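Colleague: Listed here are the chains, written in short residue letters.
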Amino acid sequence: MAHNIWKIGGFILIACVLVLVFAVPMGPGVLELRGTGDTAMSNDLDRKVPEYVLTGFGTHWSENPGDLQVLVRSKANLARLEVMEVLDDTHARIGLTLPYSVPSKSWDVLTNHSVDGTLLLENGLFLSDRFIDESISLSGIDIEEFEADLPFHFPYQPRILESIRNLMLHVPMWFTMFVLMGIAFVASIKQLASARATAEDEKAESAVRVGLLFGILGLVTGSVWARFTWGAWWVDDPQLNGALVTVLVYSGYMVLRNSLESAALRARLSAVYNLFAFVILIILLMVLPRFTESLHPGKGGNPGFNSYDLDSALRAAFYPAVIGWILIGLWMHRINMRITRLNKKIK
Amino acid sequence: MNASSEPASSAWSRYAALTRHAFQMEFRQKNGLAGLILFSIAAVYTCYQVAGSRAEAEAWNALAWVVLLFSAFNAVAKSWPEDAPEMRAYLIHVVRPQEWVLARITFFSLLLCGMSSIVFIAFTLFLGTEHLNGMQAVYFFMGMLFTSIALASLLAMIQALAVRANGGFGLIAVLGLPLIIPVILIATRYGMDILNGISFADTAHNLLFLGTLSGGFGALGFILFPYLWSD
Chain V
-10 MAHNIWKIGG
0 FILIACVLVL
10 VFAVPMGPGV
20 LELRGTGDTA
30 MSNDLDRKVP
40 EYVLTGFGTH
50 WSENPGDLQV
60 LVRSKANLAR
70 LEVMEVLDDT
80 HARIGLTLPY
90 SVPSKSWDVL
100 TNHSVDGTLL
110 LENGLFLSDR
120 FIDESISLSG
130 IDIEEFEADL
140 PFHFPYQPRI
150 LESIRNLMLH
160 VPMWFTMFVL
170 MGIAFVASIK
180 QLASARATAE
190 DEKAESAVRV
200 GLLFGILGLV
210 TGSVWARFTW
220 GAWWVDDPQL
230 NGALVTVLVY
240 SGYMVLRNSL
250 ESAALRARLS
260 AVYNLFAFVI
270 LIILLMVLPR
280 FTESLHPGKG
290 GNPGFNSYDL
300 DSALRAAFYP
310 AVIGWILIGL
320 WMHRINMRIT
330 RLNKKIK
Chain U
-5 MNASSEPASS
5 AWSRYAALTR
15 HAFQMEFRQK
25 NGLAGLILFS
35 IAAVYTCYQV
45 AGSRAEAEAW
55 NALAWVVLLF
65 SAFNAVAKSW
75 PEDAPEMRAY
85 LIHVVRPQEW
95 VLARITFFSL
105 LLCGMSSIVF
115 IAFTLFLGTE
125 HLNGMQAVYF
135 FMGMLFTSIA
145 LASLLAMIQA
155 LAVRANGGFG
165 LIAVLGLPLI
175 IPVILIATRY
185 GMDILNGISF
195 ADTAHNLLFL
205 GTLSGGFGAL
215 GFILFPYLWS
225 D
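These protein sequences, in sequence, are chains V and U. Every letter in the first sequence is one number past the one before it in my numbering, and letter 308, counting from 1, is 297. Every letter in the second sequence is one number past the one before it in my numbering, and letter 132, counting from 1, is 126.
So that you can see chain V by itself, here it is in the shape it has in the complex (with noise of 0.2 Å):
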């Protein structure tokens, strides 16, 4: 029993994981506000102005819809634009009540509600028929910012929305097929050490077998999210296609494995591919993605995560999903190797 603990937290920890990722509700957020192209009566000017409609992600507008405030901003200059009717929970009509002669094209949307707090779009309004002076300056409103006190929820992230679930399941894929690997590459130097025997080499083979697998579902869960978010199955990448590639190389391995009969030079060989395999692999996935551009987040520069993409629900849901999954795959890897090595003993 008490050897067996880690199985078991290991097994309870993804099953609360799995209960967090699907239950667990979405933070609030702008979608966008876009223009209809009529125009509207203004009860605050008294003319006509275009109007628009604002989309809302999880919002809640229609509980107290005289609370609802939205206001553009670019740079100091702070405009606040009328809101004609709130339609439901996520959509209002908007008028642009905004003056001909205006600061800035490009204007950051902030709303403000009593439920859902101070939400921000970035260039969420694109003003492309007005007259641009820089000299002018809008100001004399002060908006009260505030964070809403929801229930625990994952944040809202522009473009991510939803998928941003996806992180306790792809993320924790990689980092489990490193341990994995990294348990082979331990082995393998092991194994030549070692003259004759070859238990070594049955361990970095079901650490290899079961990273592998590890990887490819980090590769299926990958492409999922990034037909989401890029709007492609599979992007040209080198995070992407360094993964591909250890993949690819891991496969080599056990190609090699399969077209050796001695078990001993099979344990020798595989062994000697297996060290030069990790090192390709750190190559691809931690030295080469630092210096090129790349999609993937935290690329580019530093592939390490933004601790600004993390918040305390995110952090709560994704730490023990990486610790279940490792747990899970060193389980998965353990069995494997008894079964290698009961076919063996039944040879």
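Since the hints were made in silico from the structure, they are not lab data. Bear in mind the structure is a predicted one, so any value in this text is a computation, not a measurement. We put the beta carbon where it would ideally sit given N, CA and C, even for glycine. Don't take every hint at face value.
Chain V side only, calculated, beta carbon under 8 Å to chain U, not exhaustive [unchecked claim]:
id : residue
1  : Gln58
2  : Val234
3  : Gly241
4  : Arg257
Position chain U against the provided structure of chain V, taking the given hints into account.
Modeller: What follows is chain U alone, placed relative to chain V:
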């Protein structure tokens, strides 16, 4: 393996003798060498037929590296007389594996540098030099030489592995092609920089990467080859 029982010859002289012997065997078998050169020139000529003499810089770059890569695999993957089991059984008692692998890497490096010279000359001859003005050609050729050495230091090991596993060209390709991709990524980026007219000083770090990779692969081969060679 047991070099202490070996008479006066030094490690250096054994290494030199092995390298010299590899070249002697190569030049004695002229049809093998002629076949490699013919393959490279035929590959370049095929590129010329496909892309014409006014290829875009991107196409020029891609074709040059692909031809170099395949020439290198072709050069390394043919069966060498030294790889026969009897030869190995003899050599094990005469030289250390480290001397053997260093001689092998040296031989492959020089062979691939020669091959890349031929590829480069044939390329400039057929596909034109409109993207390479003056020093650009020299820098591009330098990149090819660095790439040749990096390819040689990795493929020497992979070729020995495939021979020990009794696999042919297929196994070398399966094991070698994925491992070679970092080298090719760096080489193509360097080549593209040179063809785009970026100054050498701004892209020379790629050559440093290639040199580091060659050193790393060479060191790994030096450490691991004894395990590969012994019985």
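Colleague: Hint by hint, which ones does the structure fall short of?
Modeller: Hint 1 is the one this structure does not satisfy, whereas the remaining hints hold.
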